[in-house]
Each structure stands twice: as structure tokens, then as C-alpha cells.
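Chemist: So you can see what is in the structure, the chains are spelled out below.
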Amino acid sequence: MNAIAIPDRETPQEASRGTRFTVPGMRCAGCIAKIERELPKQDGIRAARVNFSAKRVAIEHDPAMDEDALSRALLKLGFEAQPIEDNPLGQETKERKALLRALGVAGFGMMNVMLLSVSVWSGAQGATRELFHWLSALIALPVIAYSGRPFFASAWMALKYRRTNMDVPISIGVILATALSLYETMTGGEHAYFESAIMLLFFLLAGRALDAEMRTRTRAGIGALLSRMGKSASVIGPNGSTPRVPAHALEPGMLVLVAAGEALAADGKIEKGSSSIDNSLLTGESAPQRVGSGSIVHAGTINLDAPLHVRLTRTADDTALAAIARLMDEAGQSRSHYVRIADRASRLYAPLVHGLAALAFLGWMIAGAGIYQSLVIAVAVLIITCPCAMGLAVPTAQVVASGALLKQGLLIKDGSALERLAEIDIAVFDKTGTLTRGEPRPDIRALDAEARSVALGLAQVSRHPLSRGLTDALRKEGVEPAAVDDIEEIGGTGLRGNWAGTAVSLERPDTGGSGMAARFAIGERVAILEFADTLRCDAAETLVSLSNQGISSSILSGDRSGPVEAVAQTLAIPSTAEAGPQEKLAALETLREAGRRPLMVGDGLNDGPALAAAHASIAPGTASDVSQQAADAVFIGERLMPVALALKVARHTMAVVRQNFTLAIGYNALAVPLALFGYVTPLIAAIAMSLSSLIVVGNSLRLAGSASE
Amino acid sequence: MTGLAFLIPIALLMGFAGLVAFLWAIRSGQYDDMDGAANRILIEDEEDETR
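Listed in order, the protein sequences are those of chains A and B. Counting along the first sequence from 1, when you hit position 175 you're at 175 in the working numbering, and nothing is skipped either side. Every position in the second sequence, counted from 1, becomes a number in the working numbering once 709 is added.
Check each hint, because a few of them may be wrong.
[Claimed, not checked] Just the calculated beta-carbon pair ranges, DEER-fashion:
#1 A:A594 - B:V729: 28 to 38 Å
#2 A:A540 - B:A730: 52 to 62 Å
#3 B:A730 - A:G237: 50 to 60 Å
#4 B:L716 - A:P673: 51 to 61 Å
[Said to hold, decoys possible] Sample of chain B residues facing chain A (criterion: CB under 10 Å; computed from the structure):
#5 L732
#6 I735
#7 Y740
#8 G745
#9 N748
In short, the hints are calculated from the structure, not lab data. As the structure is a computational prediction, the values presented were derived from the model and not from experiment. Think of the CB as a built atom: it goes at the ideal place given N, C-alpha and C, for glycine as much as any other residue.
If we strip away everything but chain A, and leave its shape as in the complex, we get (with noise of 0.2 Å):
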């Protein structure tokens, strides 16, 4: 370039970084519209481009710009975002793309293949017949060799470990017919089944594209609810110098300092000073715990009132919170071992169909057909049972209802968790957070319209829940905020303002009540603020249509024993309480032995190893990051509702899969006597084929509908 000004947007790329944020909120055109134009208004930052599936935006700025600055800039448009590491998913995206592209490839060469034969059944002879079998091998071949790779390679995992699943009589199908097709097209025989070969691919990437599919927009959705917990921690070194330094380089015998609203990345021992943390990803307790210098901190827990200095005792993989990673790595063991319903229908099946082909085979050769036509009779019983259809009839299916129960809010992670949901038939609920919203809600009842908006002004500057939770309240009220001067919030007491000249304050009740309180006073006016964490709306409703669908609920919280009889109650199921991630894992453990297929749903890292060791869960989309990776689904929103749902929908869904599978069956059924009798044609393949692939995706279809109530 010349030394001519270089206008500001093409400044060398070197001068501008990317970095990429998930958005869990944006919900509208209008939120990425608002992200697009308004973001690039501000200093530093020059472009920003929203992928609205993933909900991420990749921001372009300066390189002085860190992370925290682009955060603030998005919650200043009202967002929330959380810078993305790297590409977690990235896996996931190559895998669907190379589907992709093997399902563009098999639709070019089933197509011309098509065109080709269509002209030969309408009566091409001699030399035009032998020139379109050529041209139509000449296509299918390599079109063969790359479309069918993701078969061919999982046939060949299954077989070298000597299992069958669903990809070997494919395979099997798809190599002899074109093996037979070549040597028809070489001696100048009459019938091809290039086609039929290439159709089968093609309908059969379609249903695996779809799956694929499925789970990276579920995953995706779940990677945008994840938060950044603790991934980092200012060490204090000699010096007095605060560097941070990422989790896994963090030592015992450290010492930290922990900001107020900051997560701990390591297990320690409190050295100065006092403050309350917020212990609920590790217990499920909603209300805050008071710690002071001596006291054992864990990694997960959140900071809310003072700095604290923190002297590590256990870091990385010692601390509680990997313990209970690990607990929850043994317990997923067990549900690996689950085996989708697809490859169970073809341990049936392939064994029948090859069974078959071979008596075919056998029984000409006896009847003195000649090796030629014997294996041309064999072939065609292969091609006509090969599971066309029955490779659609599950992901269809699958896909169509999970796309159903995303709009009423349910994440399902994939198709196998579909088909664990529908054989639930016990619950088994955490309290806080699952049942109960798991934030503390207060009664403000008793205060008047200036009170409120008073309360409102002291307590939406604070990050204390009990704050959170007051200001939750009176904004859903329609109040709006008085301005309050002169806040300031004392760590372990509470906020302290000054309104239009009188002394207004928010602080913890002198007497220790057993609930959650604060005291609210203005000037001289006190009131006691009770807080509680409060059902869900539709707890009860959502139990009721639980045992209406045959499925017991229960409790099993790690809370103290008195609230969690309180919840018992009102909803009149059994409960379970103090209960620690050991005892709900043994519990879930015990169910399975019993021959029962427990379904968990929890939300706190303690519900975690029960979570993996259901035979299915589901987690509500505040859950921690452990949690909800765990789970099979996940739910957004206040409503319980959708846990219900998922079971009904998931029921109706393997009810139409084994209705494709029984229609798939029935047909192979009415064109196998054909086959073996040698009256099948490559004509009459490809129709039987498409028919009962489009029979099986219009019955799918019935379930768009299925999740509405």
C-alpha cells in the first residue's frame, strides 16, 4: 500500500480483533437489528455480526478493547453476553457439513442417474441402453464412493468390534447392488440398479442431515444459556501486583483476592475479611451464607458483599466441584450403554433380510437357475428390504417433534434422550430451583406506592440476591425507581441511601429469624420484608399431569428438612430432604435397580451425578453449566409446564416411530414375495422405494402439532 491516508475502514487486519459473545437474549429481528446498528456506533468497535440459530455475535474492535468493555457494551443495549472461548462445537458443525455435502453429491448423481434410466425403462435398447448403463456408472461410482463413506465407516467400527447396527445390511445393499450393476453394465445386461443404490443414499443422508441437525441447534441453544463461572482468579503476589491467572494454573497455597460478584475458581480458607457468599450451585440453598476469616470456601461459590482474601487449599482437579464432575462421569456410564431403538429394530432385522437373501439364493441355485441368475434374485431382495424407509422413520420423526417442543420452550439434546423420556415412569424433583423458582421472592404487601419506589431505588444497585430479588418484584409491579442518593452497600449489613433528605436503608434484621428477612426503614418508619422462594405457578399442575400420564412424582433436595416438607405438602407428594450428592445419586441408583426408569430433574451442581445417572433428566435453563450439560433437555422460563410436556410429546414420538417402522415393514413385507420370485425390476425398486419413504415422513410430519396443549 501506498503512504497515501488510509480511510478508517481499511485499516490492515491486523488492527482489528474478533471475538465472539453468546446472546442468550436475543429473542427478535429487532434485537439483531439493535445489536447490528448500534453496536458499531461505539468507540472501538467496528462491525458486529449476529448468528441468530446460535445466538452468538461476533464483534470486530481494536485490540485494546478486552472483553469486559464489549460486555458492558452489549448489556448498555440490553443484553447480556458472555464472551465464547473457543469453538466448542466446532465438531459438531464439520460433522453436519460433511453430511451436508455427501447429500448434495448423492441428489446430483441421483438425479442424473434418473434422467438416465427413467430413458432405459421407457424401452432404450442395444447400443443407446449399453451407452446409458456406462454413463450412468461412469456418474454413480465416484458419487457412490464419497455420499456413502459415513455408512461404509460405520459398518466397518461395528463389524471390527464384531456388532451389527443399522449401517451394515445398508452397506452390504448398497456395495452389491452396484457391484452387480457394474458387472450387468460390462456384459451388456439389461437390468441396472444404479439408481436404486444412489436413492438409498441420498434418503438416507437425509434422515442422518436431519439428526445431525437436531443436535447442533439444541446444543447450540444450550451453549448460549452457559455462564462463566470462576475460569479465573486474581493472584496476590509478593509485590502487591493482582495478575490474573486462569483455573487450571492456580496452586494450593496461593492466596487470591476474591472482588465482590466474583465466582471462586479454587476450594480455600477465608484469610481476611467477611463477607456472604452464594453457595446455591453446590447445595441448591437459595439464601446466602455468612463467612468470615477461618471459613472454607469452594470453587462455584459466589462472593456478594466484601472482598475477600483466600488462601487456596485445593485447586484444579481437587476441589469439591470436580469431585462431583467426576461422580457425574461414572454415573453418564451406565446410559452410554443405552441402545437407540434404530439399531435395535436392525439386530432383528438384519439378520431376517440376509437370512433371506441367502435362501433366495440358495433356493434358485437348487432349483437350477445358474449362479447368474441366482445372485441377480439375491440382490434384488436385498435392494428391496434395504431400510429405506426405516432409516427416515426414526429421525423424522424425532426431528419434527423436537422442533414442536422448542417452541414451547424444551431443549432436547438429541434423539436418543427423546426415546429415554418416553419410557419414564417415575420423577424424582430437586426443590430449590426445580419446583421452586430458586429465587428468594419477598411479600411486599405491606408497602405503599412511595415505599416501594424507594425500596426499588436502594435495592436495584446491589447484586445481593435478596436485592435481586426485591427489585425482580417491584419492577414486574410497574414501579418506578425514586432516586436514591449517596447509596452505599456495607458488606454484611446491607444498603445505606439518603431520599430527598431522609435516611433510607435496607439491612439484615437484627434477630435471625429462620426465614429470609430484611429491614427496610425510611426515616423512622420500619418494615420487615419476609423473603420466600416461592413454587413455581404450575408446579402443581404440572404433577397432576405427570400422574395422569402414569408417572409418580417425588422430592429429593439437599435443603434442611423444614422447607422441604413445607413444599411436600402443598403439592402432597413424598419428599426426601438433606440429601447430598452421594445420597441422590444412590437413590437414583436404587430406583434403576428396582427395574424402574427413574426421571430426574434438578437444577444444582449437587443434583448433577443424579442428573447423569437418571435414566433420562432435564434441567431448568438457570441450572448450572455441570447441570445442564448433564441433562437431556432443558427448559426456559418460570413455567414447570414443559417437563410434562417433553414426556407426553416424547411418548407420542415412539409411538409414530414404531408406526413408521410397522408401515416401513409392511411394505418390505408385500415386496419381498416379489423379489424372491425374481419379478422385481429396477423400476419397480425405485417406486417402492420413494413410496414408502414419502408414506413415512408425511406420518412424522403429524407430530408438528403434538407439543401444543
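Go by the hints and put chain B onto chain A.
Modeler: Quick look at chain B alone, frame taken from chain A:
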């Protein structure tokens, strides 16, 4: 029958062009944000109306 000598290459070429277009669309990220594309159509252009 000589028509075939033209028609078959033409058909193949057109099919191949479609395939190349599809592969290009995947590579350039056309399928990365399907929901976003559906929503973007609702965004009004910011430029002032020049009526």
C-alpha cells in the same frame, strides 16, 4: 439420436453447476444461520426514505 450427444452433456453440466453452487453455499456459510435469515427479512432498512 444425435440429439443425445448434446442433451446429455448439457444435462450433466447443469446438474454439476447446481452441485457446485450448493457446495459453495455450504462453504460460504449460507446454512449457518437459518433462523437469522428468516428474521432479518423483518428488519427495516435504516436509510431515510427518499420518496
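Chemist: Confirm or reject each hint.
Modeler: Right, here's what the structure says about each hint:
no., hint, in the structure
1, A:A594 - B:V729: 28 to 38 Å, "violated, 59 Å"
2, A:A540 - B:A730: 52 to 62 Å, "holds, 55 Å"
3, B:A730 - A:G237: 50 to 60 Å, "holds, 58 Å"
4, B:L716 - A:P673: 51 to 61 Å, "violated, 39 Å"
5, L732, "holds, 6 Å"
6, I735, "holds, 5 Å"
7, Y740, "holds, 7 Å"
8, G745, "holds, 3 Å"
9, N748, "holds, 4 Å"
When held up to the earlier numbered hints, the structure conflicts with 1 and 4 and fits the remainder.
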